[in-house]
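Chemist: For reference, the chains in residue letters:
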Amino acid sequence: MKRRTVALLVAISLASVVARAENAPGKAPQKEPAHAAPNLNFGVEVVVLQATNREGGIDPRIGHMPELGKPPFSAFKTYTLLERVRLPLALGAPRTFVLPNGRSLRTILIDALPNDTVRFSASIDRPDGKVFLPLLEVKAKVGQSFVVAGQRHDGGTLVLVIRVVS
Amino acid sequence: MPPRDRILMEYFDGELSSGATDDVRRLLEPGDERLLAEWTQIGDVVRAIAEPGDGESCDVAGRLMEKIHAEVAPDRPVTHALYLGRFPWRRIARAFAPLAAFGAAAAVALTALSMRPDSAPANRAGRASSEPDIARVASVLRPASPPSASANDDELSQSGAAIEQLDLGAAEGVLFVVATDHDEMPVVWLSEGSASL
Chain A
1 MKRRTVALLV
11 AISLASVVAR
21 AENAPGKAPQ
31 KEPAHAAPNL
41 NFGVEVVVLQ
51 ATNREGGIDP
61 RIGHMPELGK
71 PPFSAFKTYT
81 LLERVRLPLA
91 LGAPRTFVLP
101 NGRSLRTILI
111 DALPNDTVRF
121 SASIDRPDGK
131 VFLPLLEVKA
141 KVGQSFVVAG
151 QRHDGGTLVL
161 VIRVVS
Chain S
167 MPPRDRILME
177 YFDGELSSGA
187 TDDVRRLLEP
197 GDERLLAEWT
207 QIGDVVRAIA
217 EPGDGESCDV
227 AGRLMEKIHA
237 EVAPDRPVTH
247 ALYLGRFPWR
257 RIARAFAPLA
267 AFGAAAAVAL
277 TALSMRPDSA
287 PANRAGRASS
297 EPDIARVASV
307 LRPASPPSAS
317 ANDDELSQSG
327 AAIEQLDLGA
337 AEGVLFVVAT
347 DHDEMPVVWL
357 SEGSASL
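For the record, the sequence lines run as chains A and S. Residue numbers for the first sequence, in the numbering used here: 1 to 166. Residue numbers for the second sequence, in the numbering used here: 167 to 363.
For the record, the hints were derived by calculation from the structure and aren't laboratory data. We put the CB at the ideal spot given by N, CA and C, even for glycine. Don't take every hint at face value.
What the hints assert, rightly or not - Among chain S residues calculated to face chain A with C-beta under 10 Å, some are:
hint: 1; residue: Ala-327
hint: 2; residue: Ala-328
hint: 3; residue: Ile-329
hint: 4; residue: Leu-334
hint: 5; residue: Ala-337
hint: 6; residue: Val-340
hint: 7; residue: Phe-342
hint: 8; residue: Ala-345
hint: 9; residue: Thr-346
hint: 10; residue: Asp-347
hint: 11; residue: His-348
hint: 12; residue: Met-351
hint: 13; residue: Pro-352
hint: 14; residue: Val-353
hint: 15; residue: Glu-358
Excised from the complex, chain S in its bound form (with noise of 0.2 Å):
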């Protein structure tokens, strides 16, 4: 990691002397600003992940979701098809992989809703007009480090299992990638806010 980004790092972590962080916030740059802003919202909705309710059983997709929808689409509903396949979310889990240099969990967060199982070609044929919400989404969420050089699409599909299509029908989820070092495995986190037995 370049010596800037790990001082950035602590700085954004607050682990740097009350001097140099003195130091460190005079000679920021508009680039750093990004940076930090970007990761600022990374790190909440990473928390909104981590972080568990007071119950027993922790409602992890209700919380992100919930993440979501404030911080990314307050006007309209978040996307309510989605189709994997042409969605780039092998990208953005590559692109979050930097976050466990630092102790964060690699995660990309999207949710589908409603898509009636009897009428999958009609909502693959809609999904057009989904994808500027799963792009608004994943702006939010990608990180503003590129990634690595050495990561390239080959490596990235030998790594883990691909989630080429998914139907929640009338229940509610998250998809996102948990990466480790040597794989990425897909994660489909069901709500059960709205769905019982």
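Here chain A stands alone, though its shape is the one from the complex (with noise of 0.2 Å):
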């Protein structure tokens, strides 16, 4: 055998060696991160309603949101839904859901955090680009919502729900 495979042999040895060492029952563990690793597949359900003080009642297609019976949302007697719609949250990559009254929704998530939660910047801008709402960021987890209200749409106010989903 040559000097250089003898060599090359020990050197793979030695690599065993140690690698049963590091894996020995005696030997601590690697720790576990504190938490799960953050899920990158998160969205925002934005619900579009409308809050007017004609009669109607609260839409039932707007599902069971007991906000709505309390001040100041109790103030309308009618909620209708006006849309729907779920928008992809993802670093560095903004969406936008025009709204009803000609406004853009903007959204881009800003961090993902563990236990599925996630910080997220919304912001609205006009038709001509100007922007209305410069900046709201807020930190919730997978099901919690927050509610952007007060914009005028046809006669009524919009109201828009916005969630995050996962």
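Grab the two chains, each in its own frame, and use the hints to assemble them into the complex.
Modeler: Written out as structure tokens, the structure reads:
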């Protein structure tokens, strides 16, 4: 056996011994991360409601939303579901949705956090491209929601319910 | 709820008989008087939120801000820049939770105006000067009843989304929290008063 071959075999053997020692039962296992890896498959569901004081009640398509029975939402007699869309949340990739009043809602993922939590921003632009709502930065878990309300539309008020989904 | 608080609430709501009302009035202590005064303030704010105007569209934000301006800072404008990361609005929301017990919604109102989109860091740096205004708003809106001992910060952190930063630009609006039995939902109510398409 040539000297070079012997050296190679010795090196492989040493590597094997070192690898076995790394996996030995007495060896402390490597620390697991404190939290599960963040889920990167997030999105937001935008439920667009129109609130008016016309007769009509709460549109059954809206589903269970007890907040509508609380002030100040209870000040309106009628809630109509106008649209329901899902926008994926991606780092560095803003998603835009045109609202019924012609303005655009833009969302972008800022950070995917452990425990199904995200930090994302939302903003609203006017049709001419100027900003109406420059920045709303939210931290929320999947299933949690917030509301942006007050824009006028067709004799009523738009209520945007924005919920994080996975 | 302690019997004393329940009786005080019934007294506040005018639900007691005239004899009982007289008895309670006679037995009121200084702490009770403060509590009643703060309930009155909270009731005014909630009514300002809840009562619609004559028009189809209800300018909640406008009326609420008028109310805050009138009650809180007649000599100074209310908060112009609001960075919510350090503001304890969750604590205030929790403090409002007892209101649900007597039929009112939990609501915290703050106002925010005029942060240029490209100058957020400057406004963040300048928020220290705004905080006294925020504190003044909060002091008016904070009910006297302490939060429930069972409600801790961990529970609160699980109970709703958190708005960490808000820039309303040239628009006006209010931020408040609507609480139900199981959830707290932050609401940004924009005012269209000075904004149009």
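Chemist: Of all the hints numbered above, which does this structure not satisfy? Sort the numbers upward.
Modeler: Failing hints: none at all.
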